[in-house]
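Protein chains: 2
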Amino acid sequence: MTSSNIKMLDEFLTQCQQRVDQRLAEKLDTEIISHTLKQAMQYACLGGGKRIRPVLAYGSALAVGGELAAADNAAAAVELIHSYSLVHDDLPAMDDDDLRRGKPTVHKAYDEATAILVGDALQSLAFALLSSDGEPLEATTSLAMVHLLSQAAGATGMVGGQSLDFEAVGEKLTLEQLEQMHKLKTGALIRCAVLLGGMSAGSASESQMNALADYADNIGLAFQVQDDILDVTSDTSQLGKPQGSDSDKNKPTYVSLLGIEQATELATSLSDKAIAALEGFPPSADPLRELASYVVSRLH
Amino acid sequence: MTSSNIKMLDEFLTQCQQRVDQRLAEKLDTEIISHTLKQAMQYACLGGGKRIRPVLAYGSALAVGGELAAADNAAAAVELIHSYSLVHDDLPAMDDDDLRRGKPTVHKAYDEATAILVGDALQSLAFALLSSDGEPLEATTSLAMVHLLSQAAGATGMVGGQSLDFEAVGEKLTLEQLEQMHKLKTGALIRCAVLLGGMSAGSASESQMNALADYADNIGLAFQVQDDILDVTSDTSQLGKPQGSDSDKNKPTYVSLLGIEQATELATSLSDKAIAALEGFPPSADPLRELASYVVSRLH
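Line order of the protein sequences matches chains R and W.
Quick note on the working numbering: the first sequence kicks off at 1 and runs consecutively.
Quick note on the working numbering: the second sequence kicks off at 1 and runs consecutively.
No wet-lab data here; the hints were simulated from the structure.
Nothing here was measured: the structure is a model prediction, and the numbers come from that model.
Worth double-checking, as some hints may not be accurate.
Identical copies carry no separate label here, and so any pair may be met within one copy or between two of them.
[Claimed, not checked] DSS-like, lysine-lysine: derived pairs with alpha carbons at most 30 angstroms apart:
#1 K172 / K108
#2 K38 / K172
#3 K7 / K108
#4 K38 / K273
#5 K273 / K103
#6 K172 / K103
#7 K273 / K27
#8 K7 / K38
Build out the structure end to end from the sequences listed, making use of the hints.
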C-alpha cells in the first residue's frame, strides 16, 4: 500500500469507527433497568476494537452508491453480534481468556453470570436495531436483512463454526475442514456485514450483490489466515491478548497446517481475489479495495 | 373449572403442543454442520415442556379470528427464546441446576461450552423463523413482530429481568420491586407471545391488541405467583426440578413476601382480571379464558 492509500484508508477507518461507536453508544444508553447489565453491555461494546465488520458494511454501502448513514444500523448490528460472541467466547467454559482488547474480559471485570447475560442481550439488540422504526428501507429489505443476520449468527453460521472449532480441538483437520470451520466461525458474519451494507444502500443490483459476496468470502478467509499468522508472529501487547493463545490450545491453524511462508502466500492470494471481485465497481469501492490490502498487511 | 372446560382445554393444549413441536422439529432438522450442536439443540427444545407461551400465541390468534396455522412461527419463536433462556439459566454460573423437565440439563448431558452455544443458536433461530420467507404476513407486520420479540427477549425484557433477579439475591425487595423484576423476567416474553399471536392473525384491531396486552400482563404475573406457590407446595417429581429450589437460593418470592394465603388470593385475582380483559371477545377466545383459570389451578 502506498502512503496516500494508507492515509485514505486511515481516514475512512476513523470515520466508520466514529459513526458506529456513536450509534452503539446511543443504543446502549436507553432504558435498561438493571444497572449492572447496562454498564457491562457498554463495557463489552464501547471499549474500542478495530470495528472491521462495521467498516466492511460501510464500505459496501459506498461501493454500490449508498451513503454511510444508510449503513449505520447494519454496521452496529454486526458489531453487536461480534461483541456478544467475544464475551461468550472468553468465558471459562469456552476459551477462558482474561484479556480482550487489552482490558479484563467481561466475566473478569464483572462475573460469569453477567457475561452470559450481556452476550444474550447484545444478540437481541442486534435484531432490535435491524427491525427498528425509522429505518428508511422498505420493510421487505429490512426483513431480509434480519433473516440474513439470523442465519449468519446462528447454528448455520458463526455459532455452528464455534461448535466445529470445539469439536476440532486435538483433532487433525484437513485444509478443507479447517476452511469450512472458518467459513462459518468468522466468514459468515464478515460476509453478512458486507451484504447488509450493500442491502442497506437500497439500490444494489443482483450482480453487484454477487460480486460483494465473492469479495466477502475471500476477505473473510484472508482475515482468518492473517489472524493465525499474527498469533505466532506478534507479541501480546500488539494483539491485546496472549500471544500464541490459539496454538497453545492445540487448535489447528493455517500456520500449523501450511507453515508461515505458504500461509502468507495464501493470505495475499485471497486478498487479490477479493480485489478482483470488485472489477467494474466505481471509485466509491476504493475503501473496500484498500481494506482487502489492509487485512493482510495489518500487524494486530 | 368444570370437567367439560377441562376437557376442552386439554384438547386445545394437546393440539397446540403438537403443532409447535412439529414446527420446532422441522426447524431443528435443517443443515447444521456441527453434529454436536444440532443434537444438543434438539435435546434442549424437543424434550417436552408445557409450551405455555406457544399455547398463548395460538390462543391469541384464535381470539382475534385467525387460524392456528398463522401462529406457527410466532409460537415456535417464543418457545425458542424460552428454551434458550432455560439452557443458559441452568448453567453453573447462573442457577446451577442439574435437572430440567425431569432430565439432565444441557450442560450436564453435554458440557458447558455446548450449552452456551446451544442457547446462542436457539436465540438466532427464533429471529430466523419470524423473518423467514413463506410468511403469508405483510413484511411490515413481520418486521414489527421481530422488533417486539427483540425487545421482549433482551435487556429491556427477559434478560434485563434475569439480571435484576441476580441483583436481588440476598436483598429485601418490596412487592413493587419484585413485580418489576418478574414483569421483565417472565412477563415480557409471555406478553410477547400473546401479542405475536394476535399480530400473526393479520387482522386484529388496535383495541383488540390492547385488550390482549392487558390479558397478557395479568396472566404473566399470575403465572409467576403460582410458580412461587408451587415451589413450596409441590414435590420434586411433580415440578421436574428440586422442590424449594428458589426459596433455598434466598431469592425473594411472592410467598416469602405475602405468605401462601395472600399469594393464592393474588393469583386468583390476577387470573380474574385476565379473563375480564377479554370481555366482548367472541367464543373463539374461550381457550385464552380457560388458560387464565388453568394457570392458577395447575399443580406443576
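Homo-oligomer pair classification [K103, K172; C-alpha up to 30 angstroms]: neither (33 angstroms within a copy, 34 angstroms between copies)
Which holds for K273 with K27 at a C-alpha limit of 30 angstroms: within a copy, between copies, both or neither? The answer is neither: 36 angstroms in one copy and 35 angstroms across copies each exceed 30 angstroms.
Check K7 against K38 for me: Cα-Cα at most 30 angstroms, and say if that holds within a copy, between copies, both or neither. neither (36 angstroms within a copy, 46 angstroms between copies)
I want to check one pair: K38 and K172. Are their C-alpha atoms no more than 30 angstroms apart within a copy, between two copies, both, or neither? Only across copies: K38 and K172 sit 22 angstroms apart there, 42 angstroms inside one copy, limit 30 angstroms.
When no copy is named, should K273 and K103 be tagged within, between, both, or neither for a Cα gap of at most 30 angstroms? Intra 35 angstroms, inter 51 angstroms, cutoff 30 angstroms: neither.
Measure nothing new, just compare the shortest in-copy and cross-copy C-alpha distances for K172 and K108 to 30 angstroms and report within, between, both or neither. Cα proximity of K172 and K108: across copies only (27 angstroms, versus 32 angstroms in one copy).
Have a look at K38 and K273 and pick one of within, between, both or neither, based on CA distance no larger than 30 angstroms. Neither: 42 angstroms inside a copy, 33 angstroms across copies.
Alpha-carbon proximity context of K7 and K108, limit 30 angstroms: neither (37 angstroms within a copy, 53 angstroms between copies)
In terms of the numbered hints stated before, the structure departs from hints 3, 4, 5, 6, 7 and 8, listed from lowest to highest.
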